[in-house]
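Novice: Protein chains in written order, with numbering that gives the first Met the number 0: chain R, 0 to 418; chain S, 0 to 167.
Treat the hints with caution; some may be incorrect.
[To be verified] Think about it this way: if two alpha-carbon atoms lie no more than 20 Å apart in a straight line, the pair counts; the simulated DMTMM-like pairs of lysine to aspartate or glutamate are:
id : chain 1 : residue 1 : chain 2 : residue 2
1  : S       : Lys140    : R       : Glu262
2  : S       : Lys105    : S       : Asp83
3  : S       : Lys105    : S       : Glu138
4  : S       : Lys134    : R       : Asp380
Hint data in this document are derived by calculation from the structure and do not stem from the laboratory. Computed from a predicted model, the values in this text were never measured in an experiment.
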Amino acid sequence: MTRSILRIGLGVGPSAAPMSRSLRGLDWLNFFVANFQSGFGPFISVYLTGVGWTQGAIGVALSAGTVAAMLGQVPGGALVDAVCSKRAAGAAAIAAIIASALLIALWPALFPIALAEILHSFASSVLGPAIAALSLAVVGRGAFGERLGRNARYLAIGNAVAAGLMGTFGYYIGERAIFLLTAALGIPALAALNMIHDASLARPKLLSPKPISAKPDGTGRSWRWLTDRRLLTYCACVALFQLANAAMLPIAAGMVTTRAGSEASLVIAACIVAPQAVTAVISPWAGRAAEGWGRRPILLLGFGALPIRGMLFAGVADPYLMIPIQLLDGFSAAALGVLTALIIADITGDSGHYTTALGVVGLAIGGGATLSTTGAGLVADHFGSAATFLSLAAVGLCAAGLVWGLMPETKPASDAVNT
Amino acid sequence: MPRIRSLGLSFVGVGTIIGGALSLGVAAAQAPSSGPTKQSMGEAELKGASLDYFPRDRLFRILGKDVLSAKGENMGRIVDVLFDETGQPHAAVIDFGGFLGVGTRKIAVSWSALRFDLGEKKNVIALDLGRDQLKAAPEYKYTGSDKPIPVVAQPQSAPHESNPDSGR
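Extracted from the complex, chain S is given alone in its bound form (with noise of 0.2 Å):
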C-alpha cells in the first residue's frame, strides 16, 4: 500500500514538471504568431498551462482527408503520418485507389510533395504528384518487415513555387 502511494506521488511530481516545461514550450513557440487569441482563466485550473484559442480555419485534422492531384484526381485519404528523429513530418501515407475499399494500396508520400494552401477548399489537400506517378509504387507496410520505408517524393528538377497565400 505505501509503495503504490509513493508511485502515486512521484506521477504528480513528473506530471507538474512536464504541465510546466510544455507551458514554456509553448508559449514561446506561439509568442510571435498572431493567430491565437489568449483567453485568462484561471491560473489554478490549468495548473501553471498557457491556453490559446485558434480560429476555426487555422487548424485542421489531418487523418481520412482526401488528397487531389494537381490535375484534380482524387489520389485517396491519408491514412498515417510518419515522422523522423527530429519530430517533423516525413510522409503521409495515402490508401490509394480501390472500389468500396477492395483493391487498396497504402502508399507513403513525400511530405514536401503536400500543399495545405488550398484558399477556399479547406477539406482537401494537393499532392504534388498524379495517378500514374503513384500507382506502381511498392506499398507502405508498417509491420511484419524490416525492410525500408518506400516514400515517393516529386522530381527534383520540378520547381517548388511559393503559393502567394502560404505566408498568411
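This is chain R alone, in the form it adopts within the complex (with noise of 0.2 Å):
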C-alpha cells in the first residue's frame, strides 16, 4: 500500500510532499465520514423510542429524512459541479451534518428531528460527490481507480469501528451520546479535508461545466451523458441490485433475533460489521483490477454475490451461518463503492457533470433502496422468509444477468489517459 502511495505521490502531483499528505487526508476524511451514516441509520428510530416517541411521530420525522434524501441527489451533485471549490462543499457538508447530530441530540422533538433528518439527507448527498470530485481533482483520471478502492477501504474500516463504538456508547453511556459523538467527530473529518490540497481549484477543466455562452442553442455538447446508454443502464442495474440488496440484512437480522438465543445481538452485530472487514481487504484490489481488467469483470463479481446472497440466505436456518454468508455483501460493497464513482467518471468525461451524474445514480439507488424494504416486507407477511430471500434473489440475478446482456465496458480505450 505504501508502495502506491509513493508512486503516485511521485509520479503526479505537483510535489510529493503535499500530494501524500493530501492522499492521507483522503483516507482519514472517508474514516471519520463513515461515522456520519451509520449514525443516522435504523438507529435513530431506537434514540427516539426511548426519549418516549410515537412510532407515528418517528415514521414522520423519518420519512421526512427519505424523501429528501430522493429529492436532494441530483442538485446535491449539481451543487458540486457547480461550485470551483470542491473541499468547501464537502466542509460546507460535514458543518450542516454536525449540527443535524447535534439537534437530534438536543432537542428531540417533531420539527427539529424533522428539520435534522432533512438536513443530513442533503447534507449527505453534497458529501458523497464532493468526495468523489476531490479525490479525481487530487489523483487525476489515470489513478482514480486505485484511489476510489482505498476510499471503500476507509470508508469500511469507518463503518465497521463506528458500529462498535455506537453500540458501545449506547449500551454503557446512552443514545444521546452516539449522536454527541457524531457530532465530535465531525472535528477531525474537517482536519482531514483540511489536510487535502484543493486541487479542484486547479483542476476546472476537469470538474466544472464549460461556459453557458459555448453552448448558444442550450441543447449543449457537455449534456449528451444524461442519455449516454451507459449511463441509463448502469442506472437500472444499480436500481434492481438496491432492489434486491436493501431488505436482507434487515430481514437476515429479524431472522437470527428469531432463532438465536441472547446472543442474537452479537451475531447481529458481527452481520454488520464482518461484511466491512472483506470491503476493507479486498477495495484497493477491486480498484487496481479495474484499471488493469477494466470495469466489467469487478462489477460481475460484486452483482453475481448478490443472488448467491439471497439463495443461501433463504436455504439457512442456523442464525450464526448468517454471518459467513453475509460476508458475500463485503464484495458487492467492494466491487460498488469503487466502480460507480469509476464508471460515472468514465461516462461523464471532461462534461463538467461528474457531481451531477452521481447524483442521478444516487436516486437510482435510493429508489431501489426504498422500494426493497417496502416490497420485501409485503412479500415476507404473506409467503415467508425463505420466499421473499428467494424473491430478492430473484431480482438480484436479473440485476447481474443485466450488468452481463446490457452495460458494455467503460473503461477508455486508450491507456495513455492523461490526467
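With the hints as a guide, dock the two chains, each given alone in a separate frame, to form the complex.
Specialist: Below, the structure written as C-alpha cells:
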C-alpha cells in the first residue's frame, strides 16, 4: 500500500510532500465520514423510541429524511459541479451534518428532528459527490480507480469502527451520547478535509461545467451524457441491485432475533461488521483490477455475489451461518463502492457534470433501496422469509444479468489517459 | 361567515359539557385515593374542572421504557399500548432484540405479564416472560393486515404471586 502511495506521490502531483498529505487526508476523511452514515440509520428510531416518541411520529420524521434524500441527490450533485472548490462544498456538508447531529441529541421534538433528518439527507447528497470529485482532482484520471479503492477501504474500516463505538456508547452511556459522538467526530473529519490540497481549484477543466456561452443552442454537447445508454443502463443495474440488496440484511437480522438466544445482538453486530472487513481488504484490489482488467469483471463479481447471498439466506436456518453468508455483501459493497464513481467518471468525461451524474445514480440507488424494504416486507408477510430471500435473489439475478448482457465496458480504450 | 361563527359557538358548548363531565368523573374516581393533593385554584381559570397534583414517583410515562425479564435480561422497549373496548390496557408492544435498530421485532405481550411495582427501580418495567419465550413469537403489525393480533402471555398455570409493595 505504502508503495503505491509513493508511486502516485512521486509520479503525478505537483510535488511529493503535499500529494502524500492530500492522500492521507482522503484516507482519514473517508474513515471519519463513515460514522455520519451509520449514525443516522435505523438507530435513530431506537433513540427516538427511548425518549418516548410514538411510532407514528418516528415514521413521519424518518419519511421526511427519506424524501429529502431522494429529492436532494441530483441537486446535491449539481451543486458540487457548480461550485469551484469541492473542498469547501465538503466542509459545508460536514458542518451541516454536525449541526443535525447536535439538533437530534439536544432537541428531540418533531420539528427539529424532521429538520435534522432533512439537513442530514441533503448534506449527505453533497458530501459523497464532493469527496469523489476531490479525489479525482487530487489523483487525476489515471490513478482514480486505485484511489477509489482506498476510499472504499477507509470507509469500510470507519463503518466497522463506528458500529462498534455506537454499540459500546449506546450500552454504557446512553443513546444521546452517540449523536454527540457523531457531532464530535465531525471535527477530525474537517481536519482531514483540510489536509487535502484543493486540487479541484487547479483543474477547472476536469470538474466544472463549461461556460454556458459556449453553447448558444442550449442543448450543449456537454449534456449528452444524460441520455448516454451506458449511464441509463448502469442506473437500471444499481436500482435493481438495491431493490434486491437493501432488505436482505434487515430480514436476515430479524431471523437471527427469532432463532438465536441471548447472543442474537452479537450475531447481528457481526453480520454488520464482518462484511466491512471484507470490503476493507479487497477494495484496493478491486480499484487496481478495474484499471487493469476493466470495469466489467469487477462489476460482475459484485453483482454476482448478491443472488448467491439471497439463495444461501433462503436455504439456511442456523443464525450463526448468517455471518459467513453476509461476508458476500463485502464483495458487492467493494465492487459497487469503487465502480460507481469510476464508471460515472468514464461516462461523463470532461463534460463538467461528473457529480450531477453521480446524483442521478444516487437517485436510482435510493429509489431501489426504498422500494426494497417495502416490497420485501409485503412478500414476507404473505409468503414467509425463505420466499422473500428467493424473490430478492431473483431480482439480484436480473440485475447481474443486466450487467452481463447490456452494460458495456466503460474503461477508456487507450491506456494513455491524460490526467 | 355566520355559519362559521355558529359552528364555533357549538364547539364551545360541547367543550364545556365534556369539561364538566370530565371533572365529575375525575373527582369521583380519585375521591378514595390519598395520593393526590388538591390545590385550590381559581374556578374561573379551569372552567370548573378540578386539579390534582401527584407525587413524581406515583405516575410515569410508559412509551420508551425498558422492559426487563425476571432474569434481568433486557427485553426491549415499550413502543405502544393496545387497549380493548372497555378502555383497559390489554397488551404492550415491545421492540424486541436487534443491534442498533437492525433486526428488531415488535412483539405484543399481555398486559397482565407486566409488573410496574419494582420498588426502587422506577425506570424499568418487569415482564413475566423470558427471552426464549418471546423470540419466536410472530411479529406485531399495526397496519397492512386484517389478521388477528398475536399477544404473548405467561402460561396459565404460573401463579400470580402478589407483590407486598403493590397495595401501596
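Novice: Decide, hint by hint, whether the structure agrees.
Specialist: So, going through the hints one by one against the coordinates:
Taking the CA atoms of Lys140(S) and Glu262(R), the gap is near 25 Å; set against the 20 Å cutoff, the hint is violated. Between Lys105(S) and Asp83(S), the direct Cα distance comes to roughly 19 Å. Compliance with the 20 Å bound is thereby established for this hinted pair. Restraint check for Lys105(S) and Glu138(S): the C-alpha separation of about 6 Å stays at or below 20 Å, so the hint holds. For the given pair, Lys134(S) sits about 17 Å from Asp380(R) by alpha-carbon distance, which is consistent with the 20 Å threshold.
In summary, the one numbered hint that this structure violates is 1.
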